[in-house]
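S.K.: One letter stands for each residue in the lines below.
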Amino acid sequence: MTEKQKKELILSVRNVSKRFTSKNVCVRAVTNVSFDVHKGETIGIVGESGCGKTTLGRCIVRAIEASEGEVVYKTLAGQEVDFLKVDKKQMKGIRKEIQMIFQDPYSSLDPRMTVLDIIAEPIVANYPKMPKAEREQLVKDIAAKVGLNTTYLMRYPHAFSGGQRQRIGIARALILKPQLIVCDEAVSALDVSIQAQIINLLRDLQREMDLTYIFISHDLSVVEHISDKVGVMYLGRMVEFGETEKLFASPKHPYTEALLSAVPVADPDVQMERIPLQGEIPNPANPPSGCYFHARCRYCEHRCTVEAPELHEVDGRMVACHRAKELHLRGFDYSQASEA
Amino acid sequence: MTMQEKKALRAQQRAEKQRKKEESYYLASQWTLMARKLGRHHLARVSLVILAILYLSALFADFIAPSNLTAYNSKAQSLPPTQIHLFHEGEFIGPFVYESAWETKKMSVKEMQAAKKAAQEAGIPFSTKQIVTDTTTPHKLRLFVEGPAYKWLGLIESNIHLFGTESGVGVYLYGTDTMGRDLFSRLLLGSQVSLTIPFAGTAISFVLGILLGSISGYFGGKIDNVIQRVIEVLNSLPSLPLWMALSAAIPPNIPPVQMYLMITVILSLIGWTGLARVVRGKFMSLKNEDFVVAARLAGVSDMKIILKHLVPGFMSYLIVSLTMGIPGMIIGETSMSFLGLGIQAPATSWGVLLKEAQSVTNIAQNPWCLIPLIYVVIAVLAFNFLGDGMRDAADPYK
Amino acid sequence: MEMNNQPIIQVKNLCVDIKTDEGTLTPVRGVDFEIRPGETLGLVGESGCGKSLTSKAILAINQKKCVSSGEILFRDDKEDTVDILTLDPRGKQIRDIRGRQISMIFQEPMVAFSPMYTIGNQINECTRLHITKDKKESKRITLEMMKKVGIANAEKRYDQYPHEFSGGMLQRALIAMALVCKPRLLIADEPTTALDVTIQAQILELMKELQKELGMAILFITHDLGTVAKMCDRVAVMYLGKIVETGTAREIYKNPQHPYTRGLMGSVHKIGTLKADRLFSIEGTVPLALNLGPGCGFYDRCLDRIEGVCDKADPALTCLGGEHCVACHKCRKEGV
Numbered sequence: 008m009t010e011k012q013k014k015e016l017i018l019s020v021r022n023v024s025k026r027f028t029s030k031n032v033c034v035r036a037v038t039n040v041s042f043d044v045h046k047g048e049t050i051g052i053v054g055e056s057g058c059g060k061t062t063l064g065r066c067i068v069r070a071i072e073a074s075e076g077e078v079v080y081k082t083l084a085g086q087e088v089d090f091l092k093v094d095k096k097q098m099k100g101i102r103k104e105i106q107m108i109f110q111d112p113y114s115s116l117d118p119r120m121t122v123l124d125i126i127a128e129p130i131v132a133n134y135p136k137m138p139k140a141e142r143e144q145l146v147k148d149i150a151a152k153v154g155l156n157t158t159y160l161m162r163y164p165h166a167f168s169g170g171q172r173q174r175i176g177i178a179r180a181l182i183l184k185p186q187l188i189v190c191d192e193a194v195s196a197l198d199v200s201i202q203a204q205i206i207n208l209l210r211d212l213q214r215e216m217d218l219t220y221i222f223i224s225h226d227l228s229v230v231e232h233i234s235d236k237v238g239v240m241y242l243g244r245m246v247e248f249g250e251t252e253k254l255f256a257s258p259k260h261p262y263t264e265a266l267l268s269a270v271p272v273a274d275p276d277v278q279m280e281r282i283p284l285q286g287e288i289p290n291p292a293n294p295p296s297g298c299y300f301h302a303r304c305r306y307c308e309h310r311c312t313v314e315a316p317e318l319h320e321v322d323g324r325m326v327a328c329h330r331a332k333e334l335h336l337r338g339f340d341y342s343q344a345s346e347a
Numbered sequence: 002m003t004m005q006e007k008k009a010l011r012a013q014q015r016a017e018k019q020r021k022k023e024e025s026y027y028l029a030s031q032w033t034l035m036a037r038k039l040g041r042h043h044l045a046r047v048s049l050v051i052l053a054i055l056y057l058s059a060l061f062a063d064f065i066a067p068s069n070l071t072a073y074n075s076k077a078q079s080l081p082p083t084q085i086h087l088f089h090e091g092e093f094i095g096p097f098v099y100e101s102a103w104e105t106k107k108m109s110v111k112e113m114q115a116a117k118k119a120a121q122e123a124g125i126p127f128s129t130k131q132i133v134t135d136t137t138t139p140h141k142l143r144l145f146v147e148g149p150a151y152k153w154l155g156l157i158e159s160n161i162h163l164f165g166t167e168s169g170v171g172v173y174l175y176g177t178d179t180m181g182r183d184l185f186s187r188l189l190l191g192s193q194v195s196l197t198i199p200f201a202g203t204a205i206s207f208v209l210g211i212l213l214g215s216i217s218g219y220f221g222g223k224i225d226n227v228i229q230r231v232i233e234v235l236n237s238l239p240s241l242p243l244w245m246a247l248s249a250a251i252p253p254n255i256p257p258v259q260m261y262l263m264i265t266v267i268l269s270l271i272g273w274t275g276l277a278r279v280v281r282g283k284f285m286s287l288k289n290e291d292f293v294v295a296a297r298l299a300g301v302s303d304m305k306i307i308l309k310h311l312v313p314g315f316m317s318y319l320i321v322s323l324t325m326g327i328p329g330m331i332i333g334e335t336s337m338s339f340l341g342l343g344i345q346a347p348a349t350s351w352g353v354l355l356k357e358a359q360s361v362t363n364i365a366q367n368p369w370c371l372i373p374l375i376y377v378v379i380a381v382l383a384f385n386f387l388g389d390g391m392r393d394a395a396d397p398y399k
Numbered sequence: 625m626e627m628n629n630q631p632i633i634q635v636k637n638l639c640v641d642i643k644t645d646e647g648t649l650t651p652v653r654g655v656d657f658e659i660r661p662g663e664t665l666g667l668v669g670e671s672g673c674g675k676s677l678t679s680k681a682i683l684a685i686n687q688k689k690c691v692s693s694g695e696i697l698f699r700d701d702k703e704d705t706v707d708i709l710t711l712d713p714r715g716k717q718i719r720d721i722r723g724r725q726i727s728m729i730f731q732e733p734m735v736a737f738s739p740m741y742t743i744g745n746q747i748n749e750c751t752r753l754h755i756t757k758d759k760k761e762s763k764r765i766t767l768e769m770m771k772k773v774g775i776a777n778a779e780k781r782y783d784q785y786p787h788e789f790s791g792g793m794l795q796r797a798l799i800a801m802a803l804v805c806k807p808r809l810l811i812a813d814e815p816t817t818a819l820d821v822t823i824q825a826q827i828l829e830l831m832k833e834l835q836k837e838l839g840m841a842i843l844f845i846t847h848d849l850g851t852v853a854k855m856c857d858r859v860a861v862m863y864l865g866k867i868v869e870t871g872t873a874r875e876i877y878k879n880p881q882h883p884y885t886r887g888l889m890g891s892v893h894k895i896g897t898l899k900a901d902r903l904f905s906i907e908g909t910v911p912l913a914l915n916l917g918p919g920c921g922f923y924d925r926c927l928d929r930i931e932g933v934c935d936k937a938d939p940a941l942t943c944l945g946g947e948h949c950v951a952c953h954k955c956r957k958e959g960v
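Protein chains in written order, with the numbering used here: chain A, 8 to 347; chain B, 2 to 399; chain C, 625 to 960.
No lab work stands behind these hints, which were simulated from the structure alone. No residue lacks a Cβ here, since even glycine has one placed at the ideal position from N, Cα and C. A portion of the hints provided could be inaccurate.
Partial chain B-side listing against chain A, Cβ under 8 Å, derived [what the hints assert, rightly or not]:
1. Leu-28
2. Ala-295
3. Gly-314
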């Protein structure tokens with residue numbers, strides 16, 4: 008615990024919001040999300056489709072521009088900047104420190120370029136004067152590191168399977184030696200056995216290159232395995248954020264509880280009683296009043312229907328629920344499961 | 002044992018072959034993959050051969066055609082295709098032709114009246130002229146004979162033609178027109194115009210289409226809206242009156258080369274709209290592909306992203322839609338010239354030649370004047386089939 | 625009673641070949657299994673293992689270039705056994721079986737409905753085709769089914785179009801359509817893969833409830849080991865067109881024998897357990913089912929392979945006792 012507190016804060020997401028407006032309809036995809044990322048950590052962001060986790064990830068890397076908020080980033084040089092407001096000139100230096108790994112290993116590689124060119128592209132863009140031989144050596148080194156056969160670098164992406172393509176994508180993200188990587192559903196499109204390969208690879212690379220991950224996924228078991236801390240999102244808001252094991256063992260937010268109870272466990276003996284959720288996820292263009300979750304929550308009070316809860320600290324964890332302190336919610340029983 | 006060894010060896014060879022095939026597939030770029038897929042499309046392959054023949058003969062038209070644009074023979078008007086014989090008086094002497102010409106029949110008044118009556122009953126116009134073929138002297142066909150002088154591509158002066166007779170007797174493979182000009186020669190020389198106008202035209206469409214399409218797709222918003230509305234207005238104009246109006250703007254009596262350019266411009270001004278739409282659509286879908294986002298995150302500049310990722314991305318689709326657009330241009334030129342709005346005599350094109358087929362009596366009497374139509378149909382079909390094959394090949398990863 | 629425990633469907637040595645320019649692909653290479661009434665068999669495997677082609681072969685809806693061989697013996701409602709593979713894929717007999725006696729739920733509920741017709745209309749089509757021609761009666765049956773799958777406000781929903789439904793609701797409607805004729809066998813091809821976890825849990829529970837009520841057999845196809853553990857009585861693990869291990873869910877999860885099954889089990893982090901530092905992973909990738917050698921399909925990736933045995937002959941499925949069968953030379957050796 009104390010060791011973790013010593014770790015350097017490298018990214019602080021503060022009140023980031025993103026609105027999409029089209030034809031007079033304003034959809035709040037992300038609302039007031041804040042959390043901190045320390046060096047060497049893996050932060051998992053989970054939530055169901057449409058909860059805004061992908062939008063949040065893309066805002067952090069500035070693949071899309073956030074509407075409000077700031078992302079305070081501490082560069083490798085030790086300088087603190089608001090990454091969302093960095094101008095073009097400054098960006099050149101910082102851009103390479105925050106990279107992204109994509110979900111779809113098919114659409115994330117240009118089919119018209121050889122693997123060598125794909126991995127080398129960031130180098131060409133950032134160090135245009137680097138001699139070709141040195142560049143190719145860099146590519147070969149990184150390719151070997153992610154487990155690609157370096158004799159195949161002249162091939163085109165269509166020669167590779169999904170797992171190998173994902174390795175190519177990882178190599179491209181790593182070649183500039185970034186500090187922070189946002190993995191947007193990086194293993195969701197892969198088969199189970201390949202998923203395990205890529206997760207192990209990400210973990211090895213993290214130790215070797217001192218990387219920090221923001222790992223966005225809908226798959227709770229993958230997130231539990233890989234993350235140190237987890238943020239749970241619902242309808243564009245962060246409802247709970249805290250250390251993985253604590254959050255999974257004793258959730259503080261009713262939505263987290265319901266989510267965990269719905270996960271199918273790969274063990275026929277463990278059958279959790281599911282906590283039913285009433286209704287469906289509301290339309291983000293027309294969210295309910297008060298707490299966004301109140302209509303589906305079984306612990307709902309009058310206060311929840313009028314007043315939106317802010318993310319506040321409860322027992323060393325951030326929760327956005329009025330009743331977080333009084334509720335005793337059910338999570339996974341680690342003591343029992345570890346015996347089995 | 003030996004059988005087994007042999008079997009094993011064969012299996013090994015097969016595996017090796019398979020591996021090599023796979024390897025070449027893995028190393029193949031997009032264009033090689035496309036070419037391979039196109040090669041497997043039978044109709045496209047045949048079309049490609051046909052088009053190659055058509056274009057090669059247009060390129061060497063001056064040389065292949067035995068005659069030129071201006072030469073005519075007043076005794077050889079509306080002659081049917083000349084027959085090529087091999088045996089003269091029962092003796093093989095190689096390919097040769099007999100000379101045919103119109104001559105006035107010598108006949109008495111009575112005979113003439115009888116002939117008139119017979120013609121009336123048969124429903125054909127009466128004429129004292131008839132085609133007389135002189136079967137006494139064979140005119141041997143020779144390769145590389147001298148004929149009317151020409152300047153090949155405006156560069157090399159020559160008077161050597163691929164075939165002809167030494168005596169200068171005309172060989173009319175497709176017959177002659179009403180003025181006694183060789184149809185085969187005119188067809189070849191006309192294809193120079195008819196087959197190249199689409200290319201010149203699409204070149205202009207290409208530039209306009211890519212430029213306006215990518216502006217539309219990249220910037221979006223108001224600019225996109227304006228360009229799209231312009232395209233819609235252009236598409237809604239009926240093409241025939243538009244052609245007429247535009248050709249009325251062309252001053253008469255200008256040299257054929259200028260005329261040619263004007264027609265290309267007219268055709269391409271209408272033809273770019275479809276292309277711009279294709280470019281815009283492709284641009285918009287590619288803009289949001291993950292690999293484009295990845296390039297942006299890697300710090301690649303916008304211009305480079307457009308040139309390296311976006312343009313190559315839709316180039317294959319563009320070429321397909323160009324191929325599909327060419328038949329329209331061929332038909333466009335043919336129709337314009339057919340209506341007398343395009344190329345003027347003595348210069349010629351397939352459309353000008355088809356003007357001869359405007360009257361029904363002419364078609365009835367000289368059916369060979371429809372031969373240019375066959376060429377138009379074949380060229381249009383070939384381009385359509387080729388475009389079909391290319392469309393299938395355009396996305397080699399599917 | 626004895627009658628009832630006879631399998632509804634028996635698949636024997638099912639093979640599917642696809643002719644391509646490069647040669648003949650063999651995505652399904654001799655699959656055997658049977659399902660009894662009221663039972664759920666989970667067919668588990670990674671993409672490309674042939675599980676979807678197997679299910680489509682049962683309904684005879686594979687594309688024309690796919691050639692199926694073997695036997696698929698289906699016991700129909702008249703207790704007659706028919707071999708589906710011998711039927712004309714467009715004939716009357718198969719059309720009577722398809723939809724009424726065997727029905728299917730697809731992965732993507734969004735594309736399974738036509739956007740041009742109302743949901744009620746499309747479910748009703750099934751009812752009218754197979755149960756009753758009477759308009760009022762068929763609408764009543766349809767509405768009843770829609771209520772049963774948990775579509776609230778069924779009368780109103782009946783006249784709505786697919787785009788007015790959410791993904792979870794659409795999957796419910798799809799289930800209603802599949803079950804309205806009370807089929808004897810339901811094939812569910814990745815029915816919850818496209819859905820969120822909370823919705824997925826609802827749908828799985830719904831399927832279980834309806835199975836209890838209607839007593840149908842379910843062939844549950846998925847790559848997700850979590851849903852299989854929750855849903856299935858028996859599990860068959862497929863790899864490269866063959867079933868490599870089959871047994872009750874507990875046997876497969878607690879005591880996996882085949883190296884591939886063990887690898888697969890090790891590849892998923894079991895949620896709610898203390899984390900292992902690394903996940904177990906199977907190295908390499910699934911080979912293409914083209915020009916396969918004589919040996920075991922898993923040979924190249926297997927950690928326990930025996931050279932000279934496993935690369936020479938493909939192991940047959942042998943029983944270890946009870947329901948548990950495995951196709952592995954090594955397991956057989958140790959078992960004996």
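S.K.: For each hint, tell me whether it holds in the structure or not.
M.R.: Hints and how they fare:
1. Of the supplied interface hints, the one on Leu-28(B) holds, with its beta-carbon coming within about 6 Å of a beta-carbon of chain A, less than 8 Å.
2. Nearest Cβ of chain A to the Cβ of Ala-295(B): about 6 Å, under the 8 Å cut. The hint holds.
3. At about 7 Å, the closest approach between the beta carbon of Gly-314(B) and any beta carbon in chain A falls short of 8 Å, and the interface hint on this residue holds.
The structure meets every hint from the earlier list without exception.
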